[in-house]
Every structure is written in C-alpha cells, then in structure tokens.
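Protein sequences appear in the order of chains R and W. Mapping to my numbering: the first sequence position 317 is 317, numbers consecutive. Mapping to my numbering: the second sequence position 258 is 780, numbers consecutive.
In short, the hints are calculated from the structure, not lab data. Positions of the beta carbon are idealized from the N, C-alpha and C atoms, including for glycine. Where hints are given, some of them may not hold.
From the derived model, a few chain R residues whose C-beta atoms are all more than 10 Å from chain W [to be verified]: (1) ARG122; (2) PHE195; (3) ALA328; (4) ASP429; (5) SER463.
Below, in silico cross-link-like pairs of lysine-lysine (DSS-like), each with a Cα-Cα straight-line distance of 30 Å or less [claimed, not checked]: (6) LYS492(R) / LYS676(W); (7) LYS470(R) / LYS492(R); (8) LYS676(W) / LYS653(W); (9) LYS568(W) / LYS653(W); (10) LYS492(R) / LYS568(W).
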Amino acid sequence: MSAPSPSALPLAPPEKRKGRPWYLPVVYRRIYQGFFLALFFVSLALMTDQGVRLFPVRIFFQVDPLTAVGVLASSWLLPAGLAAAVIVVALTLVFGRAFCGWICPFGTLNQIVSWSTRRLRRGPFREVNRWRPHYRFKYLLLIALLFAALAGSLQAGLFDPLSLLARSFGSGIVPALHSLLPGGYRPRLYAGAWFTGAILIALLAANRWIARWWCRAVCPLGAGLGWIARAAIYRIHVDVSACTECTLCVRDCQGADEPFEGHRVSECHVCLNCVASCPEGVIRFAPFVPAAVPSGGVSIPRRQLLGAALSGAALLPLFRASAGSASAPGPSAIRPPGSLAEPEFLARCIRCGACVNACPTSALQPALGSAGIEGLFTPILVPRRGWCEPSCTLCGQVCPTGAIRRMSAEEKGWTRGRSEVRIGTAFFDQGRCLPWGMATPCIVCQEVCPTSPKAIWLEEAESLRRDGSKVRLQRPRLDPSLCVGCGLCEAKCPVTDTAAVRVTRVGESRDASSSFILRRPS
Amino acid sequence: MNKDPESTERRLVLKRLGQAGLVLGGSGAIAALGAFSSGRWRGDRKLATIADHRVEPSPGSALAVARGTDPARLVRASLAAIGGMERFVRPGDTVLLKPNMAWDRTVEQGANTHPAIVAEVARLCLAARAKRVIVAEVPVHDAARVAERSGIRKAALEAGAEVLIPPDAGFVDTALSGATLDHWEVFAPLFLADRVINLPIVKDHALTRFTCGLKNWYGLLGGTRARLHQDIHHAIADVAGAVRPTLTVVDATRVMVRGGPTGGRLEDVRIENAVAAGTDAVALDAWGAGLLGLDPFDIPYLMLAEGRGLGSIRAGMGRIEEIRVGA
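The following block holds chain R by itself, in its conformation from the complex (with noise of 0.2 Å):
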C-alpha cells in the first residue's frame, strides 16, 4: 500500500488556524443554553408549596423586558419584580441579542429543531438562510403589542416566547404526556390542551423550512432586544479584505443576519457560529468595531409602522365593546383569589400560564372564549375540573406581574370562617339537584363546603315520589352572605356533567360592580 500523494487528494483539509481555540465560543454557548432550558423547566416544576420557597420560580418571566415594558405601558406601574429586566437589557446593550442565543429556553428549542433537521433544507447557503423581507414582521408586531399596551390592552404575552413556552408546556405538552401514564387517579385536563400545544408544535415544526423562523420572523421580545442591539459594544466584525466569500459563515447562522460586509447587527442572535466556521479567520466577535451598516440592517417603511401602531391601538376599543370582556366579563370568568380588577387584571395578565401550572387541582385553566377574544389564555377557574383549594394562594405566589395579588392563607381566610375574598357565588339548579329534582337524598355539597359557617344549609323538607308515597329530606340552600365561590361544590357533585350547584363570577370581591345583594350580613 503506498499513500496517495497529496496532489491526488480532492480537497486539502482546512489548516488548522494557531492560537485560536476556534470551538471555544460555540461550546461556551451551547453549555449556556442547556443550562438555561432545563433551569426554565426546573422553574416550572418548582411552582409547589415547597417549590416557591427553594427557588424564585418567576425569575424568567421577570427578566423578560417586553414583559417589563409591556406592563408598564398598559398599567403605568412597575411592579418590583420585573425591574430585573433592566438585567437583560443591559446584557444586550453589551453583547447584543445574546439572551435569544444562549439563554432564551425557546430559542434553544427551535435551534435544537433547527439544527436536526438541517439537511432537510438544500441549497447554496447563501440562497437557504438569506435574510427574507417577511422577517420585518416581527417589529411590526412589537409596535402593534406596545401601541396595544399603551392603550390599555396587555397582549404582549401572547407572543412573548417566555410566556408561550410555559403556557404552552404547563396547559398543552406536559397534560398530554399525563394522559399516557399509567394510574393517574385525577388527570389533569386543560381546556383547549390540543390547540395550547399545537401552536407549539407548529412554531418548532416551522425550522424544518426556515432555521428559527419564530426568532427571525414573530419574536417581538428578539425585535426588541435586536433594536437595542444596534447599540451594543461587542459586534461581529469581518475583515472584508481578507474575506474569499466562501459563504461557509451563512450555513449554521442563527439570525440570517448575514455576517459578510453588511451584516444586520438587530438580526444576530450572537451565537457566534460565524466565527466558529470562517476558514480565513477574519470574522471576530469583539467590542468598538464600527457598525457595519445603519439602523442595525434592517429598516422598515414608515408607513408600515404607523399601519402597525394605528392597528394597536385600535384593538382596546374594539375588545372593550365586546360584551363578554372586560367591560362586562361573562359568568365564567372566575378569576383566582386575589385577582384585581378586571380591566386592571388585563393590564398586568401576560398569559403565562404560571398559575394554572401551579394550581394544585388544575381548577385554573387558560380562558379560550369564557373571558372575551381579550382574554384569550387568561386564568379561569373551571370548578369542573377542580376548586380553589381553601388554605391555597400558590397562584398569587407565581404570578410575575401582580395580577394576582400575593397573600397569605391567613389572609385569604377561607380556613377560618372568613369570606372578604370572594371569587364567585354558587347557584342550584334545581332540576338536576337530587333531594330538589327527584327526592332522593344528597348532601355532598353542604359537607364539603368549607366556609365556617357553612354557606350551603339544608331545609329539612318533604317530598313526593312517584308513587305517592313521602320521604323526608335535606335540600340543600345556599347563604350568599358565607359563599366565597370556592367551587367545592360543583366540583365534588355527583351529577358528573353538568353539576346540579354552579358557580358563576357575580358577587367576587374584587369588583364592587359584581355584588348582587345590596347588604352582605357580617
């Protein structure tokens, strides 16, 4: 066997380049980023009685700018927790979108889905991962969700990546791996869970046609850290002297954001591949280079963002003469205990899904139709699927915004007899209801009733069979001045469907305009 002589060999291996430890940067980040995705899960987990108390389980929401600024624009308020978004602002404004490449939980999802299905998309580099006009969108978006904001209507959430991952796991992806384990004696069930987990489903199935079409396209928090970006120190530069314009660099880029002569600064997700992959070695990654176009590389007409912002803005009158929103919520729209105002709860909900993660009888539920177009994924409380457990304030605990307010089981007081926290009132429905409807006798809902007194009493009656003969019994009553709209009731009632004793939002404490009698004894 003699060795083929080098001149035989197709192409040369590309030299290894001295001093450089060229993998460094690329492995850095990936160690980041599963860090960061399993500590966004572990977070999730973590949203438990004695969870709460080992970890601060809000702090991803809380960094979250457009969180941060989306509630500061719809309810003029800053609530403490999020002035750590300053945080990524300022890690932005030093490295540029670093939080999309090497934090972000779902940027890494849609990178890990991108990255397998890599082969999938064929073609010249350059024409495959090319900036697209459409990836303009998500500006608009940002512009559109912050004019919405400033009026009054919160709809940040719905787009955040933050947001639509933990809703999107807590009510979608991890209530379907549930329902394949064996023995669950409650299974949780989420309204909507098809449709919760199908959105993500779709957004992580999109990469198989354009690498992290999410981050590049729809992400209003990239589009905001991107504008920030075109401020930041440390830049990508290219050296375009010593540049052979193999494209190699356009392969595994992130942002297609191009990093050649022009490269667009507010695409970049910083994941630094570029300089991992440039034979030549003339990209650098490295603070003071000059900008190497205007307006971070991507301008859009002016026309278009005013199209945007008019759009925004017009949303909140629109949901506001909707009945069934905030101007006039429908009956099912339970709010969890110490929830605030309606139109105040809506301008501080990012839809997050926190607290129906961590309510521990899945009674919260993301609200699809019940809460108006408005209130598209807010928390309910569906007492068919569980009730608001009475020593319980887990979801005031978790909210990142406040919408919830936090308090104590003593303060909630539904374990000692008090009923100042209302969330809804019961009602009987006296054709379903056993002992009412057909003279057999059941008690179930007074004896689970937890209020002390208890708010369900029983009129000692007697009534009638078919064939004429008499039974006493106990007919269940209902004292609106002790129901605190726990849901006990309705949850625990044997007629299975539709529960003979309903709770309905009227009489909550949070808004004086939902009382219904005019004197609550005390």
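Since the structure of chain R is provided, determine the placement of chain W on it from the hints.
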C-alpha cells in the same frame, strides 16, 4: 471515487424508508403506551376481595377509654388496657393505618385525626416488630396539601411510617358484595396490609348526624364517591362490612360538634381529651355518638352494621370505665 447514481438512489430509498419506519414505529409506541396505561389491553375484569383483618376477640374488655391531655399517652394507656399492640400485630406484619386525613385543616380545627395519635400507633406497631407501617388516605381536598397541613405526614414519617395518598398509588376494582354496593374502586395500599387499624375522629355530619369509624372507610374509596350519599346508611354498612379492621382507635381529643365534617372555626370544636381503643367497631362508633349527645339506636347505619354482626351497639353505651392518664 466513482459515484454510481443507481446506488445513491437505492441509499436514498432505504434512508427514506428508514425515516418513515421511525415515525410509524414511534407513533405506534405512543399508542401502545396509551393502551397499556389505560388497561384496554386487559380483557378480563377480575374483582379483588378484601381479607378479614380481625384477630380473635379479646377475652377481656373489648373497649377501653383513656382520658388526659397527652394524646400519645392516651393511645398507650387505652391499648395497654386491651392487651397491648402485641396482641394485634405479629412480627413481620405490614400494618395499614387509616386516619381521617381528608381536609385542608390544621390540628386545632379538629377535622382530621390528631397527628400525635397516628404517630404513636405507628410507633407501637413498629415496637411490636411490624415490618412496615403505611398511613393511607384518599383526601377530599388536595391530597398533598392535606397531608402537610394536617401535620400527619410529618408525624408519621418521624415515627417511621410511610404515607400513601393519591397519586402515589392507584385503585383496584373490589368486590364489596353489600346490599347496595356490589363493587367499588378501593385504594390499592389496603391490599398490601396484613393488619388494618382504623384511626377515626368524632365529628358532626349533616346527613348521618355524626361520623366516626365506620364512615371513615369512605376515605379508602375512589370513583365518584359523592354518589354514595344517596343511600348512605346502607353504603356505610356495606363498606364497613367489607373492610373488617384489626383494631379501631378513636380520636376524641377534640370533638367537632357543629359544621362537620369540615368545620373551620375553633368554636365548632369541643376539647374532650379522650381516646378509645377496641376491636368492636360498632361499639366504638356508639361511644362516639354518645359524645355528641346522640342515641346510637337513632343512627340507621349503626343498626344495619349491628344486624350484620359487625359489633354491638350496647357494648359502647352506658357507663364505661375510663382510665385517667396523669395531668
């Protein structure tokens, strides 16, 4: 390197077939997992049966009552009076304790069995060289929170017992062969036990007027147990007739006199400072009814239970000598 277009094509076809196989196989695996977990693959539905956990009736007193302020000492005194735990638990036994641990309430509110009583019974079982002591319950409120707030989980773990609540274990369709209930879902840990000890608490109840030992067995049932209230007296007698415990230790340190079985306000609770132990479940319930000022013969399920030979109402009535346990 000579690339043969045909071989490339073959490789491509094989690759695509492989990918399709993976997708199909993966979805098949998910479907199979679903089928296995829901039990659809099992054709036959066999009902489990509950063993009789009683030991031979005691020659001496069938019922002992102790009064005093320290719950643990009351347990020891009342059990010593009926022959000690060694009479009921053999070395190597697995013992199941069934406290009332159903409600999101604290000790002072008297809705759940006192944790010190659960812990002391567990310690006595282990001292009698039981292999394993399991505290089991299917709470009405959120299970994990109830176990925590009642104080029972902590006390039981410290005593060396384990605590099983859903979803730690599942349910088994079980023959009850009663007058009303033919079969029902029963919490699986019951089938691990050689010996079963009922640890109820005496409370007011709107439908049955009071609840103590016999109704406490509802806490081992699954399914829509709310349905069991429509013919509650027969249902209680059916379930109690199926379980047949080794021993019953009644917590009457606090007695809920109003607003039961959930209570809430401390005014609903009367400090009674008593514990009763015995092998006659009906007598102990009759004694508990007496604490609430009720005539046990007015309680239909007690009459039904006595009629089925589960015990004697009269044995729990009248003057029962009480053991005083120090100040």
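query = Closest CB-CB distance from ALA328(R) to chain W, is it above 10 Å?
reply = holds, 33 Å
query = Within 30 Å, alpha carbon to alpha carbon, are LYS492(R) and LYS676(W)?
reply = Answer holds: LYS492(R) to LYS676(W) is near 28 Å, not above 30 Å.
request  = Taking the shortest Cβ-to-Cβ distance between ASP429(R) and chain W, state whether it exceeds 10 Å.
outcome  = holds, 16 Å
task = Hey, is ARG122(R) genuinely clear of chain W, shortest beta carbon separation above 10 Å?
result = holds, 12 Å
ask   = Can the restraint linking LYS676(W) and LYS653(W) be considered satisfied, given a maximum Cα separation of 30 Å?
value = holds, 20 Å
request  = Compare the distance between the alpha carbons of LYS470(R) and LYS492(R) with 30 Å, and conclude whether the hinted pair is satisfied.
outcome  = holds, 27 Å
ask   = Given the proposed pairing of LYS492(R) with LYS568(W), does the C-alpha separation stay at or below 30 Å?
value = Holds, at roughly 28 Å.
ask   = Is SER463(R) truly not at the interface, in the sense that its beta carbon sits beyond 10 Å from all beta carbons of chain W?
value = holds, 13 Å
request  = Take the C-alpha atoms of LYS568(W) and LYS653(W), compute the straight-line distance between them, and say whether it is at most 30 Å.
outcome  = holds, 29 Å
key: Interface-negative label, PHE195(R) against chain W, beta-carbon threshold 10 Å   = Holds, since 20 Å exceeds 10 Å.
The structure meets every hint from the earlier list without exception.
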